[in-house]
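Trainee: Listed in order, the protein sequences are those of chains G and F.
Under the working numbering, think of the first position of the first sequence as 3, with each following residue one higher.
Under the working numbering, think of the first position of the second sequence as 3, with each following residue one higher.
Treat the hints with care, since some could be wrong.
Identical copies go unnamed one by one, so any copy, or any two together, can satisfy a pair.
To be verified - Using 25 Å as the maximum straight-line C-alpha spacing, the simulated SDA-like pairs for lysine to any residue come out as follows:
1. K319 / I427
2. K243 / G380
3. K350 / V416
4. K319 / A428
5. K319 / S433
6. K319 / V431
7. K350 / Y407
8. K319 / V378
9. K350 / T288
These are calculated hints, taken from the structure and not from any lab test.
2 protein chains.
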Amino acid sequence: MKYSLQAVILCAGRGSRFGKRGPKPVARLLGIPIVEHTIRKLSAHVEEFVLIVSRDNQRKIEGCLGDGSRIGVKIVYVINEHPERENGYSLWLAQPYIRGRFILAMGDHYYDVKLLEKLLDGFGKPGFFVVGDPQPGGSQVKEAEATKIFSVNNKLVDIGKNIPRWNYFDTGLFILEPTIFKTIERLGRVKQAISVSDVVLEHAKTEPFFLLSSDGHLWMDIDTLEDLRRLEEKLRSGFFKRDDGFISKKFNRKISIRVSTMFARFGVTPNQLTVLLFFFTFVPFTLFVLQKNILAGVFTQILSVLDGCDGEIARIKNITTRSGGFLDSILDRYGDALIILGIVVGYKTAQVSAIGLLAIAGSFLISYTNAKKEAVTGTRFRGFASQMGRDMRLFLIMLGGVTGYLVETLLLLVVLTHLVVALRIAEMVHSKGWATQAVTSLNPRANHP
Amino acid sequence: MKYSLQAVILCAGRGSRFGKRGPKPVARLLGIPIVEHTIRKLSAHVEEFVLIVSRDNQRKIEGCLGDGSRIGVKIVYVINEHPERENGYSLWLAQPYIRGRFILAMGDHYYDVKLLEKLLDGFGKPGFFVVGDPQPGGSQVKEAEATKIFSVNNKLVDIGKNIPRWNYFDTGLFILEPTIFKTIERLGRVKQAISVSDVVLEHAKTEPFFLLSSDGHLWMDIDTLEDLRRLEEKLRSGFFKRDDGFISKKFNRKISIRVSTMFARFGVTPNQLTVLLFFFTFVPFTLFVLQKNILAGVFTQILSVLDGCDGEIARIKNITTRSGGFLDSILDRYGDALIILGIVVGYKTAQVSAIGLLAIAGSFLISYTNAKKEAVTGTRFRGFASQMGRDMRLFLIMLGGVTGYLVETLLLLVVLTHLVVALRIAEMVHSKGWATQAVTSLNPRANHP
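Okay, chain G solo, but in the shape it has when bound:
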């Protein structure tokens, strides 16, 4: 799966505007260094990262990322002793490490995973690639400070901060060939400070050039702390899933994202957190058994909030897996059962037991019908039929525990969950898409290929 691709990431900028949170490339974005986001997203395909750092920030960056083994990649550091010679010179310093075509990215830029995937798509083709953002005035780009590109008929006409005509923003993302170093050397003979823009413009005069459009995928040159804050907010809003229930959307998710951001900097994996959160369920369970219902209710809601963290951390670190989602789903169901079991054991009456059993059944059937629909149609339920998700169920139990009407709330939970399941059955029976005939064959050979 992993090939010997290389990426050069330029981190030698001064980043003075970040104060204590700098140097920029290792300033925390959702809890992990800005440059680590890029490294993680490229790590499925890129084996070796060459980071060009400055004498000033080398210790901090290397202290943060190390040799890359924590992330599962190889990182080598090259010190640019002359940052004043600009980033074209930084790029040139990577030459001794480069064996073939390579990716060039900026250490203080954020790139959406889809944008990086698009770039990797171009890796098989010859020529050198520049990724440009065609959206003039796209919210995240400050026009005055951005590097612009003017490209006509896939020919690079001009590039720079102050060019008269332009049609793309420079995203600082490239696929380059080792011949680029020759171009830098040529430029180095006539001037000291060489920017990547200078290099690219010069290189395009002789080499085939391709402009890849960023296609609206998010990227950002994180220049100020204000940029960082805005980007964090934008990314956080992306964590709200379309399937999130009302309580999750309005309450849980807002808190959990902050918690996840805090947790992301630690080495805990999403799966470890999933298991940890399952064991945390024993807290409300035990409290319900002891009939400390108010406290149990509070901890139920805390559990519900933390429930989102494993998935969020996986997404922050770009390490979401199907098995992680599976584990999470199953342990969530165990958690559901455990909490209701706690209530049943606490009350010790046959009546509450029967209600608890129906509540478990309703609770599970909500999840089961979702999984079944997904298995059959690839989608989930929408609208009212999508209600009574885990967030709402745990919220009701919290309400019951805190107000003292626990049995009544449990009964309400029974009624509501089974009502939604009934709705789902009705929707499925009446929907035409569902009724499509499955082609089956009575022929044993056809059944067991």
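We have chain G already, so just place chain F on it with the hints.
Mentor: Just chain F now, with coordinates in the frame of chain G:
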């Protein structure tokens, strides 16, 4: 989805060998008439069926199939007053009803749905089509009695029962054009008895002919009651699903198929049966509540056996739907809960309640993990991780009820179901296929440079 296609089905043969069960086309195969199997399978695409019957069997066939509205198609009957003039003459009688290209099939033949679909695939192309079975000595064909085809380079060289060289069996399945009637008239001038083979051979001399291979899909010329019995057995074996559990395979399915065959002749739809079976669950439920555990156990096993009937009838009638499977799955889960609830309510102790709750949880998680795995990977669990399906769970409850160790068995059920769920989690966490990253950054070109 339904086009104005027409099909002619020849039912004028005498079928004397079927005795009381005849006439052949309406002899019951898995509970429904042989010819109805073909009509049902074609019904998604064919609007009108022209059945050529004889004076002898017309009343019985028409009494059985009527105008087709029960099946959702239109059936017209044409009486062949001269069956001795053979089936080529029968075909000619359809002429006044035929508006364009049409399908020709035999009323006493069985065709797998995949074979008929393959034929329908050819409908858009010009020319006339003959479906031949290339498997010499294929178990279901009696070589001596079969009509054979000799085709070289897609040219029809010879067709008949006693031809010296041959490479296909004639399946009695064709796509023909109205020009075929001209050929029959031409033949009719020189002889009285005209077989379809004669007609096809003559027709192929002037018209473009295509031979479609049956590709191993099951078909059969049901000539004797022994043929019918053999075919029924073969089809029954096709009802054993690969996902069937041990109890289902060794016991339940063998009985349920016989019950389904009996039920298939009635108008009850599979979904109605699913709902009916759910209500039947209240029998063991009530008995468990009343602590009539032996009887309850017996009815639990009866329920388990009947559980397969809805799906089987759907497959016999070729009306399986995704919504039917969905409804069945969900009502099965309700049934699972109901039976355990009955036990819990019967015992009325907190201890049994807690065990019941864990049993429900385990039972549901078996189904839930299956659905989840299907949603994610499109497959189910295999081997030991596939155990503790509904057949085994209900079997254990039956055993418990009958032997008097109901609580102990329920406890065993708890242990075993959760053990299998744990196995599934372990399998999923360790399997490489599962661990693949969900947010795919996979680029085929980058992957295969």
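Trainee: Indicate, hint by hint, whether the structure satisfies it.
Mentor: Results of checking the hints against the structure:
{"no.": "1", "hint": "K319 / I427", "result": "between (38 Å within a copy, 23 Å between copies)"}
{"no.": "2", "hint": "K243 / G380", "result": "both (16 Å within a copy, 23 Å between copies)"}
{"no.": "3", "hint": "K350 / V416", "result": "both (19 Å within a copy, 20 Å between copies)"}
{"no.": "4", "hint": "K319 / A428", "result": "between (40 Å within a copy, 24 Å between copies)"}
{"no.": "5", "hint": "K319 / S433", "result": "between (39 Å within a copy, 21 Å between copies)"}
{"no.": "6", "hint": "K319 / V431", "result": "between (41 Å within a copy, 19 Å between copies)"}
{"no.": "7", "hint": "K350 / Y407", "result": "both (16 Å within a copy, 23 Å between copies)"}
{"no.": "8", "hint": "K319 / V378", "result": "between (30 Å within a copy, 21 Å between copies)"}
{"no.": "9", "hint": "K350 / T288", "result": "both (14 Å within a copy, 23 Å between copies)"}
The structure is consistent with each of the numbered hints, conforming to all of them.
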